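Colleague: Throw the hints in and build the complete structure from the sequences for me.
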Amino acid sequence: MCLGIPARIIKIEGDRAEVEAGGIIQTALLTLLPDVQVGDYVILHAGFAIQKIDEQEALETLRLLESLN
Amino acid sequence: MKWLDEFRKRELAEKLLPKIEELAREPVNIMDVCGTHTVAIFRHGIKDMLPANITLLSGPGCPVCVTPPSEIDKAIVLSRQPGVLLVTFGDMMRVPGNFSRLENERARGAQIKVVYSVQEALNLAMKYPLLKVVFLAIGFETTSPTVASVIMEAYRQNILNLFFLNAHKLIPPAMGALLDSKEINIHGFLCPGHVSTIIGSRPYEFIPQDYGIPCVISGFEPLDILQSIYLLLKQRTEGEAKVEIQYQRCVKPEGNIVAQQVLQEVFEIDGSFWRGLGYIPRSGLKLREKYAHLDVERVFDLDSLLPKEIPQDVREETAGCLCGEILRGTESPPQCPLFATTCTPYHPVGACMVSSEGTCATYYKYHYKVITSPRKRGE
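Chains A and B, in that order, give the protein sequences.
Those letters in the first sequence? Residues 1 to 69, per this note's numbering, in order.
Those letters in the second sequence? Residues 1 to 379, per this note's numbering, in order.
Hints listed in this document are in silico derivations from the structure and should not be mistaken for laboratory results.
In this text, all values refer to a predicted model and were calculated from it rather than measured experimentally.
None of the hints are false.
Quick list of the computed label-pair ranges, beta carbon to beta carbon:
| id | chain 1 | residue 1 | chain 2 | residue 2 | range |
| --- | --- | --- | --- | --- | --- |
| 1 | A | Ile12 | B | Arg106 | 33 to 39 Å |
| 2 | A | Asp35 | B | Arg202 | 19 to 25 Å |
| 3 | A | Gln26 | B | Asn158 | 26 to 32 Å |
| 4 | A | Arg63 | B | Lys47 | 26 to 32 Å |
| 5 | B | Ser70 | A | Gln26 | 32 to 38 Å |
| 6 | A | Gln37 | B | Lys308 | 52 to 58 Å |
| 7 | B | Glu153 | A | Ile12 | 17 to 23 Å |
| 8 | A | Arg63 | B | Thr342 | 47 to 53 Å |
| 9 | A | Leu68 | B | His367 | 25 to 31 Å |
Even glycine gets a Cβ: it sits at the ideal position worked out from N, Cα and C.
Modeller: What follows is the structure in structure tokens.
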């Protein structure tokens, strides 16, 4: 399953992070994504953060869709 | 919820749909190879929004569904061994093997634990040093790096009672096998967004290059899927074929390098059997020699444990099951004689109905017309 949800990093302790998604706080492992900071949004899959969500790219996609006439 | 709701805005869908209609001048088949895409397409009513010219097909995108019965058999015989704790993702519990299912084994007293993350298998092995903890490792490229990283950790910590029954598969080779079979015309692929966060866009390049078929790496929200369909049609109309990333907020062309390195360190590529598709070369993962002591197939003699024959009653129950055809996209669930009659989510016969992301389970849940209208003979 590709089930992955966007989650916000609220605390980092070594290779673990506390993340928040939809009001629920969980632990996520950062072994596959070592370069993150508190406040970053990541995709959470099976207890691991697998990729960062790039805010600029997200906004750019939305901008592109808005500009369709 | 942030980074979900924004991609569900109705008014943006209403801008995309006329653009899609403009480009859908002839019948096209677009296939997704991700269970999560199949569910999202149904859940958000996307098929009903699209012009009739566009057919959305579901391919072998559910790792639970494509796991062959023989892997379940191995998990079952292991769970019957004294001192073994079998650990698995939840969906595998009801998948049919050749003679039983894990949920039946648990009911008969086997020690089987369902987990959400492979990390829990490591925790259990550390907590119960006298048990042999065996993890049934299923999943595509989104999941296999998580398993690889836990294997590395078990190696580092010299954990001697944790083993892996490895059934990981790779999606791009299956896409190639589908195209080679020529069973259906595929005019474009929706590529799996989260697999692609790991592998990037390069592994799909052979599809436009060797087959001339457009690929778009798509996110999972309705606007992502609609925009991806639009981009596929645009490529087709302009006579182009390339790999495009629609899901740019999460997918980089190079993917996740750390995850790829972890995979490379632990696994090597091997041939693999897929339910419905048969043997596909270089489509699975095998543990490297360095980690052989963690590979349950190299540590246990599974052949001596497996039964020699499939019971007659099991073969009769599954007769008529079209999971194979459904996974290849050549038939759809309503065409299966068992669908919504003897095979339902409450009593699933085939793997496609068991998994929450299986094509049959998704049709059953969302495609209300099939359930409420009487089905004519041969329909």
